[in-house]
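One-letter residues, chain by chain:
2 protein chains.
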Amino acid sequence: MTAPLRIVALSGGVGGARFMRGLLAWGAATGTPLDVTVIANTGDDMRLHGLQVCPDLDTLMYTLGGAIHEGQGWGREDERFTVAEELRPYGVGWEWFTLGDRDLATHLARTSLLATGLSLSEATARLAARWDLPVTLVPMSDQPVETHVELASGETVHFEEWWVRTRAAAPARRFVQVGVDDAAPAPGALAAIAAADLVLLPPSNPVVSVGTILGVPGLADALRACAAPLVGVSPIISGAAVRGMAEACLAAVGVAATAADVALDYRARHGLLDGWLVDDADAGSLPRLAAAGIAAEARPLWMTDAEATAAIAGAAVELGRLLSSPR
Amino acid sequence: MTAPLRIVALSGGVGGARFMRGLLAWGAATGTPLDVTVIANTGDDMRLHGLQVCPDLDTLMYTLGGAIHEGQGWGREDERFTVAEELRPYGVGWEWFTLGDRDLATHLARTSLLATGLSLSEATARLAARWDLPVTLVPMSDQPVETHVELASGETVHFEEWWVRTRAAAPARRFVQVGVDDAAPAPGALAAIAAADLVLLPPSNPVVSVGTILGVPGLADALRACAAPLVGVSPIISGAAVRGMAEACLAAVGVAATAADVALDYRARHGLLDGWLVDDADAGSLPRLAAAGIAAEARPLWMTDAEATAAIAGAAVELGRLLSSPR
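Chains as they are written, first to last, in our numbering: chain A, 1 to 327; chain B, 1001 to 1327.
Since the hints were derived computationally from the structure, they do not count as laboratory data.
Glycine included, C-beta positions come from ideal geometry on N, C-alpha and C.
One or more hints might be untrue.
With the Cβ distance kept under 7 Å, some of the chain B side facing chain A (calculated, not the full set) [said to hold, decoys possible]: (1) 1049; (2) 1086; (3) 1102; (4) 1104; (5) 1108; (6) 1253.
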């Protein structure tokens, strides 16, 4: 039996979760044994009504556990809203944040586990056990890091408030990772990176998802130190985000919203990135990427269905294999 | 228009809540304007999955707000259990504690309000506003007090665990009010007592409901200092608790489970109690009560329906009026 390919991915929510599902489907379809660790962004985490809510961990868990609401990409399928309907007449809370009953149970369970003294990594493993996940899911850090957005108006709001309530309409001046200076990579994240054959960047938001993970002190160092190639999938196609409002985030950090500029920024900002997949529509940027020493390929990148998504993930793995073979 | 009769009641959960509803019904039926403040026991409160749960405040609020589950006497009518069903597979929490979806919204709202810096009194008023309560509902204290039970086995458990999970089956050695030394009466409680025309003890548990309220430093002093008579309704009929398992609590504090002994213990322990209603079945104890200077009357005390309950409450008010008229 072949030793499984040890893959580490740095992922945000919806886009990353769908990509990971595609990767597993590709492994199953091609008979490639995979040992996958997903390091999830926890910068979107928040305390809501006293509960610890981790949007990206939950989206990954529900998606890979087969319980996601497919239509919206986040939250639970067959969701109910009795609690939310009862909260409204009390006039408290964030009306703009959807809190489904099934989803709420996850937040309650996590908060309970954390209250008993478990780390976020340990609590995540306990929650994941219910779903029998085909990956190891770890938070980027066991310490709380909260992404806040400093608006052009001077006001500072929690990332989720900016993202979900205002749909990122108010221009962001900068992002502040509250708590990041005191954060360390989760132990499981470091161990997985050290043992990895390949590191993948799914098409997650390069600023507030992957960028936040890479901002945890020591994590980018560990990636630079590991021998495995790092291959990313562009979240930008033809100058627009595949999903979400990544352009607004890129604008705030002064990066043009193109497939090439995102890749070059990973290099410039973090000294990372060996391979990069761009969409066929962005094939014109291949020479620029090659000139920067990034092995780039153009291919269809729209994750339109399970098959297309699996093919994208497979292409990323193949590019990684190419980069890790003796040159 | 007659000035309303200012009544203060010290109440636990189910029995006290039903009595209070009877009092209001009696006031409406007899055209007696009432200004009622209910001081609720908060010793049963607990932190559950990170949420602040106040069983007696909630039972009073739902009962007087017309939203109680009549059959069980606590929790919400038309309750749903999606969250509880989702919590179970995570294997966390207290399986024996029923957490309904509608009820959960109250705990979430309270926890949110407390997290914004409101006192428990203020949060209680905010929650009560939704229900348009016909009484002023105040917690006994804004400081957390938790009743723990030291079992004969030496083990110590939260009161709710002993009461709800084991149905008080394990003999209790003593009750410990964790935090009571640092607690003070809620400001609204002291103000209501100072202005009261009459203080009532509904047929609540004399040890862990009324006894806990009276244990808040300064609260019994305020009652002794106020001019209003204090009239109680026996929670014991023919040597057994009207509801619940008060005998187990009385045994732990060395008080015989009789209507007279409970009254005499209020006198001995707290220097309180002017009038006392016992059931007709306990009429034989009237001489003993009279000898102790307690104005006692025997009458039907089973709160079998709304009418019977209103009659009991009315009898308590009438006894109080008798005691406060010039002698």
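In rising order, the numbers of the hints this structure does not comply with: 6
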